[in-house]
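K.L.:
Using the hints, build the complex out of the two chains.
The residues making up each chain are set out below.
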Amino acid sequence: MLNPTLITVIMAATVIGALAGALGTFLVLRGQSLLGEVISHAALPGVVGGFLASGGRDMSAILGGALISGALAGLVVQVLRRGAGVKADAALGTVLSLFFAAGVVLLSIAQLQPGAAGLTVFLFGQAASVLRADLLPMVLVALGVVSVLTLFWKEFQLITFDREAAEVQGLPVVALETLLTVLIAITIVLGLALAGVVLMVAMLIAPAVAARQWVRSLGAMVALAGLFGVISGASGALLSAMGDGVATGPVMVLMAMAVTSLSLLLAPERGVLARWRRQMGARRALRGRQVLAALDGLSRDHRDPEYTSDEAMLDAYLGTNAGPVLSRLQKGGFIRAAAPVAPEIQGRRWELTGAGLERLHGRDSGDGAQGGDRGDDA
Amino acid sequence: MAQLHEPHIACHVEDLTVSYRERPVLWDIDLDIPPGVMAAIVGPNGAGKSTLIKAVLGLVTPVAGHVRVFGLPVAKLRRKIAYVPQRQSVDWDFPATVGNVVLMGLYGQLGWLRRPRRKHRARAMAALEQVGMQDYASRPISQLSGGQQQRTFIARALVQEADLLFLDEPMAGVDAVTEAAIVTLLKAQRDAGRTVVVVHHDLQTVSRYFDWLVMLNQRIIAQGPVTEVYTEENLRAAYGGQLALIGSLAASDAQSEAPAAAGSETRSADA
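Taken in order, these protein sequences are the chains called A and B. If you number the first sequence the way the UniProt record's numbering does, the last residue is 378 and the count never jumps. If you number the second sequence the way the UniProt record's numbering does, the last residue is 271 and the count never jumps.
Excised from the complex, chain B in its bound form (with noise of 0.2 Å):
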């Protein structure tokens, strides 16, 4: 195991650059996330926040650079690594039931010409059940809200009981109640000594969802522990103009922050 490069970083990424033809949008990005945390990865639209992702996991070409997960490139780890793609990148109109959905999360591990068989079948429902999906198996998926949607993709992630979970904005366009069973679940896996990265939108919810910040405008501008990323100055030079927004919004942050918790725990008392 001498090939092993950064073994002790969950996420190692070096010198990574991608351009879509000839515009860059990811510059010599340099990024290390540390295996158990939940991180988050912020940044104006068109910062390449997706791209970053997509060129992890190897689904967009990168210029130059490359990437280790736990010591080794991902295509010789693809069973370590589980991603919950933005729900709008696929046809919901799909003939298939939820059930069916969570299953395609292990076609992967189980090999050519081989079928899903009881145990696999069994593994799926219990994926569904910790997103509270169970009764939804046999409903067939465009029938489903945004949320349900949202929970089916975590459930196929969550099946493939993987090392490293990538989300791209599972949060976005889910209600408040969702939104709060989705942080549950997600802390709940980093809980269980598991890396989630996850593209973010809201640097309002940023300091209470999650333990580690990357923020991102197609360079690194900053990455490390929320405690010492999240500061004004770092902001600033990721958002850049829209300088008077940011400053009311730490404020609000930090005003909101004890009540919006107290509400978000009633919310799962409820749940």
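Isolated chain A (complex conformation) (with noise of 0.2 Å):
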């Protein structure tokens, strides 16, 4: 069943995988996912010269024509921006949409001529068009930009965070900066025949928007970004070779998108289901305190602290029925049923135990409240 192309096609979607999710996390922290967006499909001009101007289909020439066609299209955009005053959400809209139609123009006159047939492969990316001699050129560049991530890495960790205190350090932040832009773009222009132009970033961004849910460092966020672009990248480039002449790219990123909406829904700290469960879990605790201080109060308001609270009374207090708030109290042991005053089943009546009293007035552990006061909010 693992013919040779399927074993190129999974070892070249692990390497991208793995290379898009951790490059992706930084893209994704900085907060600019739409310029990944504009380098990705501002590639295909580029991919479409590269390929006229070599005759052929010359990988270098290809890459390199994206590479230089994505930077031209990040130029723009800084002269929309500063020079033009343009909004930057309409600076990035307007030179994706320029540099996609022109790549579009020009992919239309391409295919004029002998060979150009496999070009198209580039708008939603073709696993089986890698062929096993691009891969050892692919696995040395994606070397080489970890090898560069690595070297600089304290510094990228600094200027993500706070560019201002990099800047005040006395680092280079421009420089790191337009660094660190190259290895976002030849990350992505790497990935092209595989995902294509269109939804290349999806495989940048999906992986690290689901790793944020699981982590606390940057390290940790950046490896297992990693391993979730290997996941969704080996097991799309194989699901789409199997199925006869289903586009990689698609199928790829359903898969990312797959590991992104759980993450997004189950992690323990960050997840919608976990602070769906906080919430609930705040509510109760206050709903508990909220009985606990009317049995307190009516007992004072009696000046009797044997005083017993009937049922109908704390439903009206509550506006609700309190039925599973008592029973709840009741098996903490807070509050205790009162004999019935009168021989009547329904009316049960109630009083606070020492415990309640304490669980009242008694102040939470500092921790407790640290944790408590941050949550709501985070």
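Quick caveat, the hints were computed from the structure, so don't treat them as lab data. Misleading hints may appear alongside valid ones.
[To be verified] Covered, in the sense of this in silico footprint (three residues per stretch, anywhere, with C-beta under 8 Å from a C-beta of chain B), are these stretches of chain A:
#	stretch
1	167–175
2	211–220
[To be verified] Anything over 10 Å on all C-beta distances counts as not near chain A; from chain B, calculated:
#	residue
3	27
4	71
5	75
6	118
7	122
8	172
9	183
10	207
11	217
12	240
C-beta atoms are modelled at their ideal positions from N, C-alpha and C, and glycine is treated no differently.
P.N.:
Set out below in structure tokens:
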């Protein structure tokens, strides 16, 4: 089942997935996802230009062309923003469309040339188009990117978290930012044959967003995003290679999105479910306190520490059925049911226990309060 | 060392003018802050307080003028200068622990290709102890309250052991206990011979916290020891239209000084 083509495809997807996840972490943390989108779409005219210039399917010419047009697009964005005062999102959107449109026009022209049929794979990616001979250069470039990332690790960390602090400490921030953007651009261009210009950026963004849910440090985020990239890249490439003629990019992206959705939903601290449970817990605790306070208040009003409150009165006070809250409190030993005054079964009466009083008036431990007050708006 | 220009002044600013696009923000600033003081920069909104600090640090390029720190251009003396930005200036959802962030204060000193070692981690820990955050070293910064964020940033500046500290509104949005702790901490820095420059927004506390005062409203209104500069006339010049308010402020400040000082002592005894 695992023929050589399939092995090549999986290896390429693994390398690209790992690289995209790792570099995508910086793209996402710096809030530059849209810039990545521009670089990737803007690579198309470069891809076609490289093909036309080299007169054939020469990988280095095509990728070189992609890098150049991607960089050019980034430059035009800068000019529009700084020079013409166009808002960032508008500048990005305009340049993306402009370069992509130019790419599609060039592509239509290039189709007239012999051997240009393969160029369309760059739109949505085609794993099968990756040749065995492409693997070694791909791995070498990826290793190069990762080594630069490792060498300037702490500098990249600092400019990503706090650009001004980096500048005040004397780091050449503009040069470092440019270097990081170049690494990201190389990663995008390297994955174009596999994932295509339209969807490549999703392979950078989705694993990083997923990884952020699970980690507490940048190193862990980069590693985990790389792993997610490998999982979604390899499985996507495999699925598309087995299905006849299915573009690889979309399948890889769907796999990555599955990982992301699960992470957004299930992550232990930041996941949607965990947040929902925390909110429910907080609401319950509040309800419980309200009931304890009501019991306490009623017995004070009656100047009777032994006073027992009618459940119906607590219902009215809470504005809803107090039953579930009461049974939870009873289980916790904070209240107890009192002997009925009259022999009716419905009208249960309640009083505070010593533990209940302590819970109401005693202060929570400092640590718990710290975690709590932050948990709400996190 | 013939190149030194005003070496006996911690922070010397001459003819500094800054403008954003066509709009001037700072006009012809001449500023001298002597070493070993705790200085406040005050002024109304839009007076250019933060911009002044950023221009001194080289984060904003001035149209004209120059800055010398202990007689040298800032670029030559980066290690002696630490900066605490407004805490809203970064995304606190960044994946890092409190310890990581404090360690970042040493990245510039470490130099290229060097990783922080055990001794650097020890310094970071010591800085965290100074701000009372040693128990939070491994906590993700996304879980910090506003006051804890501020103290983390201050620890990141302290770890550099700089001679000149710039802080942009360190007391903004923190509770009274944290504010008192920060002031105590900064005064200790000054008493250790360092120079502390703070952008401050609360006129009522200026004369209690600081010994040097710079009043700014696009131009320098007044500068010097707090006792000389903190006058109604200067306040009127800096804050203009909000005159009535200032009159009452000056009065209430004089009244509240004694009980407030007593209050802050009880607080620090608590902590």
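K.L.:
All the hints need checking, so say for each whether the structure fits it.
P.N.:
How the hints compare with the structure:
no., hint, in the structure
1, 167–175, "holds (count 5)"
2, 211–220, "holds (count 6)"
3, 27, "holds (24 Å)"
4, 71, "holds (18 Å)"
5, 75, "violated (7 Å)"
6, 118, "holds (16 Å)"
7, 122, "holds (18 Å)"
8, 172, "holds (17 Å)"
9, 183, "holds (22 Å)"
10, 207, "holds (29 Å)"
11, 217, "holds (24 Å)"
12, 240, "holds (31 Å)"
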